[in-house]
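Which chain is which? The protein sequence lines are A and B, in order.
Residues 1 to 112 (my numbering) make up the first sequence, in order.
Residues 1 to 115 (my numbering) make up the second sequence, in order.
Hints were generated in silico from the structure; no laboratory data involved.
Nothing here was measured: the structure is a model prediction, and the numbers come from that model.
Incorrect hints may appear among the rest.
Stated by the list, open to error - SDA-like, lysine to any residue: derived pairs with alpha carbons at most 20 Å apart: (1) K65(B) x N18(B); (2) K56(A) x T103(B); (3) K11(B) x Y64(B); (4) K11(B) x G51(B); (5) K41(A) x N18(B); (6) K41(A) x H41(B); (7) K41(A) x T26(B); (8) K11(B) x G40(A); (9) K41(A) x S7(B); (10) K65(B) x G40(B); (11) K65(B) x R24(B); (12) K38(A) x G40(B); (13) K41(A) x D38(B); (14) K26(A) x P8(B); (15) K26(A) x R44(B).
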Amino acid sequence: SQWGEENLQALSIQEGEDVTMNCSYKTYTTVVQWYRQKSGKGPAQLILIRSNEREKRSGRLRATLDTSSQSSSLSITGTLATDTAVYFCATERGSALGRLHFGAGTQLIVIP
Amino acid sequence: EAAVTQSPRNKVTVTGGNVTLSCRQTNSHNYMYWYRQDTGHGLRLIHYSYGAGNLQIGDVPDGYKATRTTQEDFFLLLELASPSQTSLYFCASSDAGGAGAETLYFGSGTRLTVL
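Start from the sequences, fold in the hints, and give me the full structure.
The structure is reproduced here in structure tokens:
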């Protein structure tokens with residue numbers, strides 16, 4: 001899992017496998033965002049899940065949010081080599097806009 | 001899709017040097033941000049702005065100044081660069097859809113090396 005100052009996590013899997021990445025957060029949030037960063041690029045938002053949704057799907061992606069345990073997960077089914085990237089979760093920090101806090105990220109390597 | 005352009009793409013300077021990183025967004029977003037990214041760490045917020053002339057302090061502001069000259073342009077200034085500021089810098093913009101719910105659109109980054 002990832003949060004704050006934790007070191008970057010790394011996962012290496014074979015193409016076609018499913019994978020789940022976890023994120024724990026310390027402060028109350030009503031929204032968790034997941035971003036993907038490919039090599040040499042800036043992060044790009046994948047999915048945003050709100051506390052009243054618990055689960056959200058987008059194509060091969062599935063995000064969950066459990067506010068009671070302050071955790072979120074991002075699952076990818078049928079991974080492709082092009083899913084190789086660093087995946088970040090981001091949560092709000094207080095009510096001030098612009099205060100997203102990003103986790104340390106999970107490096108996912110999908111081997112073709 | 002939101003477009004955020006950063007320049008330069010790479011920059012090398014010496015300790016004590018003066019550096020300006022530039023960012024332009026062309027999507028009429030109110031919010032713009034500067035982050036730094038270091039190996040093994042997530043993105044850390046340096047400064048952000050919600051409009052021309054406005055500046056808000058982020059989590060790691062020491063050694064950095066920023067200026068928002070127009071809605072489109074946001075600059076990060078390192079007036080006395082130090083090796084600890086060697087990093088990958090990202091600019092982002094958002095339409096600020098609500099606390100925590102805004103989507104950030106990032107540029108491709110500027111890699112800064114301070115010798």
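A quick look at each hint next to the structure:
This hinted pair checks out: K65(B) and N18(B) have alpha carbons roughly 11 Å apart, not beyond 20 Å. As the CA atoms of K56(A) and T103(B) are separated by approximately 16 Å, the hinted pair is consistent with the 20 Å bound. Simply put, K11(B) and Y64(B) have alpha-carbon atoms about 16 Å apart, close enough for the 20 Å limit, and the pair holds. The straight-line distance between the Cα atoms of K11(B) and G51(B) is roughly 27 Å, outside the 20 Å bound, and the hint therefore fails.
A C-alpha spacing of about 25 Å is found between K41(A) and N18(B), which places the hinted pair above 20 Å, so the restraint is violated. Proposed proximity of K41(A) and H41(B) is supported: the alpha carbons are some 16 Å apart, at most 20 Å. Annotation: proposed proximity of K41(A) to T26(B) holds, straight-line Cα distance about 18 Å (limit 20 Å). Between K11(B) and G40(A), the direct Cα distance comes to roughly 15 Å. Compliance with the 20 Å bound is thereby established for this hinted pair.
The straight-line distance between the Cα atoms of K41(A) and S7(B) is roughly 14 Å, inside the 20 Å bound, and the hint therefore holds. Restraint check: the Cα-Cα separation between K65(B) and G40(B) comes to about 25 Å, which exceeds 20 Å; the hinted pair is violated. For the proposed pair K65(B) and R24(B), the alpha carbon gap of about 17 Å is at most 20 Å, so the pair holds. The suggested pairing of K38(A) with G40(B) holds, with an alpha-carbon distance near 15 Å, which does not exceed 20 Å.
Pair hint K41(A) plus D38(B) holds up; C-alpha atoms about 14 Å apart against a cutoff of 20 Å. For the hint linking K26(A) to P8(B), the alpha-carbon distance of about 36 Å lies beyond 20 Å, and the restraint is violated. Between K26(A) and R44(B) the alpha-carbon distance is near 16 Å, which keeps this suggested pair within the 20 Å criterion.
Hint violations for this structure: numbers 4, 5, 10, 14, all remaining hints satisfied.
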